[in-house]
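First to last, the sequence lines map onto chains A and B.
For any residue, its number in this note's numbering is found by taking its place in the first sequence, counting from 1, and adding 29.
For any residue, its number in this note's numbering is found by taking its place in the second sequence, counting from 1, and adding 14.
There is no bait here: all hints are sound.
Lysine to any residue pairs mimicking SDA-like chemistry, simulated, CA-CA at most 20 Å apart:
no.	chain 1	residue 1	chain 2	residue 2
1	B	LYS50	B	GLY574
2	B	LYS255	B	MET197
3	B	LYS69	A	GLU131
4	B	LYS69	A	ASP141
5	B	LYS76	A	ARG88
Hints listed in this document are in silico derivations from the structure and should not be mistaken for laboratory results.
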Amino acid sequence: MWYSTNLAPRAQIGYSTGTYMVIVGHCHTMPMEIEMTLNGTERTFEAERSDSLLDVLRRNGYTGAKRGCDTGICGFCTVTVDGEPERSCIKPVATIDGTAVETIEGIGTQDDLHPIQAAFVDNAALQCGFCIPGMIMQSRSLLANNPDPTEAEIREGLAGNLCRCTGYEKIIDAVQDAAERMSGEQTVVTDGGDLTHETAGCSSQDWSRGECDE
Amino acid sequence: MSKPNGPQDDDSHQRLSSSAEAEHPLEWDESPNNRKSKSERQAISRREEKTDARKIVTGESKYTADYALHFPDLAEASILRSDIAHGYVTEIDTSDADAMDGVYAVITPDSDEVPDAMYTSAGQSYPEPSPWDLNVLRRKVRYVGDPIAAVAATDTQTANKALRAIDVTYEELDAVLDPEEAMEPDAPQIHDPDQVENIQPGADYERNIEAHTEGEIGDVDTAFEEAATRDDWFVTETEWKTPYQSHCVPEPHTTIAHRDEDNRFHLITSTQVPYHTRRQLAHLFDVPIRDIRVTKPRIGAGFGAKQSMLIEPITVALMLAADRPVKLETTRREQFYAMRFRRSARVQMRSVVTQDGAIKAFDMSAVTNAGAYGPHGLTVTSSIATKPLPLYTHTPNIRFEMKAVHTNLPIGGAIRGYGAPQGHFALEGHMDEVANKLGLDPIVLRSRNLIGNGDLDTASGVTTDGEHVRRIRSCGINDCIERGKAAIGWEDVKQPEEDHLHRACGVALTAQKSGVAGDELGAAHIRMNEDGSFILQTGAVDIGPGADTAMAQIAAEVLGVPPEDVLVQASDTDISPFDYGAYASSTTYVTGSAVKKAAEDARAQLLEFASQMLDEPVENLQARDGAVRSTQTGDSVTIEDIGYESIYGDNVRAQVMGQASHCTDESPPPFGAQFADVTVNEHTGEFEIHQLVFAVDCGVAINPDLVEGQVEGAMHMSYEFAVSAGLSFENDGTPETLGFRDYGMPTTADQPPLESILVETHEPTGPFGAKSVAEIPVNGVPPALSNAIHSAVGVRITDLPITAEKIRAKLDTD
Ligand code: FES
Ligand code: FES
Chain A
30 MWYSTNLAPR AQIGYSTGTY MVIVGHCHTM PMEIEMTLNG TERTFEAERS DSLLDVLRRN
90 GYTGAKRGCD TGICGFCTVT VDGEPERSCI KPVATIDGTA VETIEGIGTQ DDLHPIQAAF
150 VDNAALQCGF CIPGMIMQSR SLLANNPDPT EAEIREGLAG NLCRCTGYEK IIDAVQDAAE
210 RMSGEQTVVT DGGDLTHETA GCSSQDWSRG ECDE
Chain B
15 MSKPNGPQDD DSHQRLSSSA EAEHPLEWDE SPNNRKSKSE RQAISRREEK TDARKIVTGE
75 SKYTADYALH FPDLAEASIL RSDIAHGYVT EIDTSDADAM DGVYAVITPD SDEVPDAMYT
135 SAGQSYPEPS PWDLNVLRRK VRYVGDPIAA VAATDTQTAN KALRAIDVTY EELDAVLDPE
195 EAMEPDAPQI HDPDQVENIQ PGADYERNIE AHTEGEIGDV DTAFEEAATR DDWFVTETEW
255 KTPYQSHCVP EPHTTIAHRD EDNRFHLITS TQVPYHTRRQ LAHLFDVPIR DIRVTKPRIG
315 AGFGAKQSML IEPITVALML AADRPVKLET TRREQFYAMR FRRSARVQMR SVVTQDGAIK
375 AFDMSAVTNA GAYGPHGLTV TSSIATKPLP LYTHTPNIRF EMKAVHTNLP IGGAIRGYGA
435 PQGHFALEGH MDEVANKLGL DPIVLRSRNL IGNGDLDTAS GVTTDGEHVR RIRSCGINDC
495 IERGKAAIGW EDVKQPEEDH LHRACGVALT AQKSGVAGDE LGAAHIRMNE DGSFILQTGA
555 VDIGPGADTA MAQIAAEVLG VPPEDVLVQA SDTDISPFDY GAYASSTTYV TGSAVKKAAE
615 DARAQLLEFA SQMLDEPVEN LQARDGAVRS TQTGDSVTIE DIGYESIYGD NVRAQVMGQA
675 SHCTDESPPP FGAQFADVTV NEHTGEFEIH QLVFAVDCGV AINPDLVEGQ VEGAMHMSYE
735 FAVSAGLSFE NDGTPETLGF RDYGMPTTAD QPPLESILVE THEPTGPFGA KSVAEIPVNG
795 VPPALSNAIH SAVGVRITDL PITAEKIRAK LDTD
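Modelling step: build the complete structure from the supplied sequences, incorporating the hints.
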């Protein structure tokens, strides 16, 4: 066979049609309530036991996180849970109860971008944008843990976030640029200057889309 | 006129050229403002921020699935797909699914809402060259993935549960998975010609051939006969194989269908071809075109995946059956077996080349695996020759034969490059083999035969026996080679200290087109608000690369305003002017020309107003920096003043509105040179790519950031095609590659650094000198890498993907 169809013996695990989702105890009549601190605000959401965090976020208007695979591989749905980056599509929502969740909607606004967002814009590090919310959330965690990463560390840190459009070059540039911008800002804060987004919280006028006023 | 050392053309070639000379003059009647020096440019050639950048980084950019919240009674849907590769569905029992709580509709081929009409999924102009061989839901199934039934329910989980409750009985037929076997007389026949409408040449469904054609320029057989008698002419034969490639489109195909307040069908859908989709849906559902509206929101990229109408018909049928809005969002798993792919191919090359490197003849043939259905079969397979061969268009004798063959495997479709990657792998690998045989430097051999500015290109018309000819009016390929060589370090490759490691660079030249010559239409409409801003409507379908931004820059350059003062509206068939869609590298070249003309129309009106306001003749006026200024008096009025005057003024009131259409028989090729720098371990076959460089001549870059983005993104896909593409199947056609990880899409950690170099030329037929760039960089990495590896360790990999195992196996046998 010359078409690289790589014939192999039939796998043990049966192949089934339809989608990939494994449904465990799904039941319409028993919704549960999930409490979380979402982008700094206490929220309570109704959910099915089988829902992922991504399902609940998107159903409630937080559509910045994207569904690219639903299996934890593409990274388009990345949010942070208690400060750690998580693939929200494989995070059962039941495990979220009582945690603090941050999504792309809580990071900055179009008029006042977070330095990472500004670096992505200024470096033209985006095309279709489907991967970008997840990429920015992952980059934010990366820079929180390692404020001055090497290129190799950036490549390692973003390896779980796919992008089909950019070839990654400009994204890596953007994260390096963001690191520089943020190290500059930290100096300002230490000097008693302006607060960054990270510390400004809900007092900032930027929170114009209702995440903070509930 | 560009090849001082070029070979003499044969007489036959000369005759053809002279008859075509007059029809395709070098001179082009270019409007005076089309050619601007770098210092004159205001809005173009600038790294303008992408219009949607800020909403993308804040997560506010809305893609199809994000519109779900607009429809409170929205049903969610799933598709039941065949799990056998070939056979008949003899029975579908949906009673359990129908009875399930939360299920609104279950549709099968027998449902009233499901059309019986045949169609093609190819999003092409009318009449589509692709065969009408598809039903919306299928009683005969031809691959694992054919849709059989679909469910709309309260949510996806319920829909999936209902799917599992559907009982399907099959009568199984023998399947054939290999195109060569499929052409054997005793192979299972996949299509019944009586059921298919196929206008492609050479279809022979008894042998599973959907298209078969051949074209010739000059006399190839005679060249080979002569070569047999001479010892200074050399014959080289090679064969190349390429696998399936997935678009890995980030946003899975998604459609929302509902009825608007006038009871028309309204679709919000992830498409590259809103207008073709509207027409094809009208045909299928037998409703007037005017009763369908297709809205394109932001698109999570296309790469050709969405130049197809794949799930829209099922969504509409479910919407009718459920009598409520329906959202159908495909899964990643479906993306990897049930959508469309780059078709696998086998390409054979034979050539006659003289001792000193003049190409006398190319004989090329390609067989592609169309998979179960025929969209884009003829056009993609023909492109295997017609896109790369113009590089060496002076070759006096060229023949190309192509066959597109059905198998019971996933369906080939349109994908970035559109046949050109398969063709370039063969042609540019072959050129290196010829250079090796003749002992010539690979770049010297290419340069001896290379196309140049002012040339008449006949090779792109090989499938028309050379009847289709085009004039090359811009060509920067030599600069691409020089700058690429410098960037990769061609002249100075340092060998590693370890004896078993060998480092080398490889090169491949590339070409593409800019739109489908004679088969495109772009249209644009631009109007001025009273504050001096503009609303630009085009059918240009921005699927991510930034077409909207480029269009705003073109309009702004004409109008003398900042690009941010031109607001671009996304394509919507109720609102936008017509457009063929985002494919064939046509948007900047074709729709961009329409935008430029529409803006010129608006500017003429602007200047009329300014002329009255300044009491100066129009000839003295110049629109620049947001104002119109008299070059004589220096007096000026701002664009905003003109806006208020045009709408609220005391004299003539008329809104400034420009419009234009653009179609053209021209399709100038962009050119590029791909370089790869690699070190190979001669013990293990493992290789490390240090860098990939692509230098491109795309005319004038309207927005260098966006152009670099195209180059880097396409090089990433080309790299994947070189080292990790391919789908695997079980013996019965069951797919095994069902996710990103199985498939091996490159990540930040495993992709080598990419460098893009923009070589500016001026294409007089393009808007402000622009040609296309979206596809050309996807062509070069496989041959450049194969050539580099050959140069490093002397083994030739002719089948993709290139792996350490293959290199090692060759090292062991050689
Ligand atoms: S959608 Fe969650 S990782 Fe892909
Ligand atoms: S920008 Fe399209 S996937 Fe990253």
